[in-house]
Amino acid sequence: MSNGLALLSIFVLSVFIGFEVVSKVSTTLHTPLMSGANAIHGIILVGAITVADRAANNLQLILAIIAVVLATINMVGGFVVTDRMLEMFKGKPRAAKSEAGDSK
Amino acid sequence: MSNGLALLSIFVLSVFIGFEVVSKVSTTLHTPLMSGANAIHGIILVGAITVADRAANNLQLILAIIAVVLATINMVGGFVVTDRMLEMFKGKPRAAKSEAGDSK
Amino acid sequence: MSRNLYDVLGLFVSVCFIMALKGLSSPKSARRGNLIGAFGATVATVLVFFEPGSSHHHIALILGAVLFGVVVGVPAARKIQMTQMPQLVALFNGVGGGAAALVAIVEYLKLGSTASTPDVVATVFTVIVGCVSFSGSIITFLKLQELMTTRPVVFPGGRFVIAGTLVGVLGTAGWVINSLGTAPLLIMGALALAFGVLFVLPVGGADVPIVISLLNAFTGLTVAASGYVLQATLLIVAGTLVGASGTILTRLMATAMGRSLFGTLFGAFTAKPQAISEAGEARPVKSGSAEDVAILLNYAQRVVIVPGFGLAVAQAQHTVREMADLLTSKGIDVAYGIHPVAGRMPGHMNVLLAEANVPYEQLVEMEEINPTFPQTDVVLVVGANDVVNPAAKTTPGCPIYGMPILDVAQAGNVIFLKRSMRPGFAGIENELLYDAKTTLLFGDAKESLTKVVSALKNL
Amino acid sequence: MSRNLYDVLGLFVSVCFIMALKGLSSPKSARRGNLIGAFGATVATVLVFFEPGSSHHHIALILGAVLFGVVVGVPAARKIQMTQMPQLVALFNGVGGGAAALVAIVEYLKLGSTASTPDVVATVFTVIVGCVSFSGSIITFLKLQELMTTRPVVFPGGRFVIAGTLVGVLGTAGWVINSLGTAPLLIMGALALAFGVLFVLPVGGADVPIVISLLNAFTGLTVAASGYVLQATLLIVAGTLVGASGTILTRLMATAMGRSLFGTLFGAFTAKPQAISEAGEARPVKSGSAEDVAILLNYAQRVVIVPGFGLAVAQAQHTVREMADLLTSKGIDVAYGIHPVAGRMPGHMNVLLAEANVPYEQLVEMEEINPTFPQTDVVLVVGANDVVNPAAKTTPGCPIYGMPILDVAQAGNVIFLKRSMRPGFAGIENELLYDAKTTLLFGDAKESLTKVVSALKNL
Ligand SMILES: NC(=O)c1ccc[n+]([C@@H]2O[C@H](COP(=O)([O-])OP(=O)(O)OC[C@H]3O[C@@H](n4cnc5c(N)ncnc54)[C@H](OP(=O)(O)O)[C@@H]3O)[C@@H](O)[C@H]2O)c1
Ligand SMILES: NC(=O)c1ccc[n+]([C@@H]2O[C@H](COP(=O)([O-])OP(=O)(O)OC[C@H]3O[C@@H](n4cnc5c(N)ncnc54)[C@H](OP(=O)(O)O)[C@@H]3O)[C@@H](O)[C@H]2O)c1
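Residue numbers (my numbering), protein chains in the order written: chain H, 1226 to 1329; chain A, 1226 to 1329; chain W, 5 to 463; chain U, 5 to 463.
Because the hints were derived from the structure by calculation, they are not lab data.
Please note that the accuracy of each hint is not assured.
Stated by the list, open to error - With a Cα cut of at most 25 Å, we get these calculated SDA-like pairs of lysine to any residue:
id, chain 1, residue 1, chain 2, residue 2
1, U, K26, A, T1252
2, W, K290, W, K455
3, H, K1249, U, M370
What you are looking at is a predicted structure, and each value in this text was computed from that prediction instead of being measured.
All chains should be built: construct the whole structure from the sequences, respecting the hints.
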């Protein structure tokens, strides 16, 4: 199998997964989902580190290092803020008796 | 990317798609879905034809040709029988006025 | 055709198959989904003749074989009776598994000593699973076609035989992988075929559709493995899709029938030969005439019709609708109580009643209709038996124990239309037939219903 | 680490991301999903340092940069107020887009004359979309943070400027692809940044979340394109997942807000500067005291509380729950009417009220609560405005026209808790404030509610 075809197949299959997985999400979860997806694309950090590792001159290195910083902020901050959002949903379902955590 | 990795990735992604696509199907559609999926694996016909084309001796050719026949039956018959099943669902929803096709 | 174009078209076909499965999962788009799948399969079949590097040596023979397959497959699929579709699906699945096994055998014969281990393993895997799928499907076919008993076939020590066969298959597989000989391959294939038979024999008739679905998923996996050996992405995607969706579907079906998948499959290892009561004990029952039934119906406020396999056998769907329309015109509230596994395939009753254009709103699923039985005056059971059998609740250890049923005993009167006192598919006695509130109207469902309709008209 | 192991671990991380998105799509598993995603991302980040063939020349610098990013990102994410989360998400998305653009620029600088056309095209695509995502996200951040007006910024001829910029971007892109020069790349980047700004400016504040979601999907696609250039399957899968799911999500959000996606995006090309009425006209309104409100509530049979952005600003969720509990203890039927876009992010109200442990059953979605308003005696609107503004139904052409609203005007009495006569997010007058059945209680929502609670206790 040619490399191009493999990448194309992977791309196409991922598109379907992306569509399917999200298509039935409830309104309540729109923001956390957006925020979680946002954190996931912070994985560009991996690309940024690769590029920094291979930097051929100082200009490339500086740009790549900035990219590393930005990508880290995106990734780490994204997961943390998503977790904070979701934390508030926790303990809501019937299981949680109302006394639990009434105080702030 | 190595060939093995590409095939593995494609396999893994396909597993997810298979899971996702089917996970919410209603009982009514179980049989047509099974039958349709059954027809899809008739695509082994493509493999059978490839193998027949490359057959090195008569034994291989005979076995491959039998495979072609069986796979064709699976594929063609599968799609036809699925279509017949689904045909009966047609015209059921409210849109279909009751006069349409009352006679057998 | 260039390799790139060929590959991209192959990917296009994969996408067709994904769309097909997607379509098939929703009632609105199911038929279109199937057509998309058929279209993709056609494209792929034409395409493979243009695969770069094909020799075209045997093209006439191959085309002839395809034509022959079409000539056999299409009429079979067209002519078959609705009631026999499940066994046809089983048969088609079997031949698919057989084809995959044959392809793998040919590939195996070609493997030189240079073959990589993963290739050999994948080939051997395909042969085994393809053989199991083939022979297993044939047995399910025989069971569904009632060419053999639908009851679990269990013999003393059976579980050891099955386990032994499995060990044998795996052992020879190791041998085959190491020695690459033809004789071991044949032995392995024979053992795998035997395992397929032994594996399905102990499955009770009611669980057969679950097994078909499982074997279907198996065949999908063999196709994916063949794709790996042949380096054909399309086969990998298509086979994996079927394997994965088939696995889920099997679980969904098992849940719908109230069975545990594990219990169904490994029942063989635990099931003991059961003392199942034979049909036709000499106990008193209350049987009535068509006029008696018509009167009961005529003075009811709410009637629930419970259709079953017998309705399909008698092809009485149009007549039942005629009767329902008549009752509705008299101001009686009529609904159909649809059990998910009434008939011989899931959704069988929906399909059948849709054919007779029964209004969609009147078809009520089990969970929704069950609470309404106490307010129902008359339940008319047309050719159903197991799906209303209280033994599912009361008799632990009976083959349908644990299956949710339509709780018709809660209604004021129960009328059974059937031909005899013979039990249903699961082969077990139905106590409800002897109940005081039950009336039996013997005879073919269609004839009985016709009589009831004319009696109703004369009232 | 061997290449194979590295690759398989990369695939494992891809699977983590799929599981993460799956988890995030269902309330029960959302938090676990996010953690799985974070776990996968951590694995990938550690892993990349062991990528076969890395030089490790700048490892200290890189680790320092990562550490710096963590030190900046985590506290920002931890300290932020709930009400400001959406703008933080916008900001994070922007920096992600910026990172992708920078990676692509560095890749571009390395492309020799031997680079294949697809590689060059993918690189240029990443630079453009990354820049658009960056500058666009910054503008959405400024809008949400109210550092600039939330109203659509439209200037005469604006659509021509936007179209011109887009043409400019595409034109320079062609130039860049052909000449591989640094100067053209910089010009192209600048134009793309400008396009991002111009593209978001005309979007009305209410539509901003839709645009964030769209830019999020864009960033996903740039990551996938980077993955193609860098031959990293993980980036392709992760980026494509985000791109595809983001596209669907954008559509779902637009639907939930009753907007057409097309209209939102290309509003810029059709929108004309609108005469939006300024707040605070001198018309009579009926304002009341906390005691008046308490009396109205006390003698009601059914009260619906409609929370909005003001509840979040005032952090009054605990107080509102206290009041609701008090009313419930008096035998009054209390429910919360939740509009899907009340607040500043979808689900904002659910999150907020869940924080105060409001019983889940009391949260009623818009479609379900709307039919009950005619039977409701008092609606208490706590810091909401746009989501109950009848202009969405009555005033074609106003920025929220067509958005489904909570139909509180059907209820017996409507009480608004707000601080002034200023309009809501969309900047439009709310006629309901002047209605005869409306009572206004001015002041911060938390203070007002506290007063109402003590008044209720004294009754
Ligand atoms: N739906 C599926 O997926 C599926 C697939 C395979 C197996 N099964 C199993 O099949 C069974 C389905 O239950 P069911 O209640 O629908 O069917 P059933 O239990 O098999 O009972 C069918 C009844 O119809 C009667 N009958 C047959 N032909 C008739 C005719 N021409 N006119 C009138 N009555 C006729 C039979 O009695 P007489 O012979 O006395 O007339 C029998 O009592 C369950 O055990 C289920 O698990 C289901
Ligand atoms: N949910 C989303 O995804 C999302 C995202 C972005 C934008 N939007 C848009 O935001 C709007 C949401 O509607 P909404 O009704 O919730 O909010 P809104 O229309 O913005 O109204 C908020 C109201 O709260 C009042 N308020 C502010 N601070 C307060 C305080 N401390 N105490 C009491 N009242 C206070 C304000 O009036 P005073 O200033 O007079 O107090 C204002 O009338 C919609 O236009 C929606 O399209 C929604």
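#### Entry: In rising order, the numbers of the hints this structure does not comply with
none
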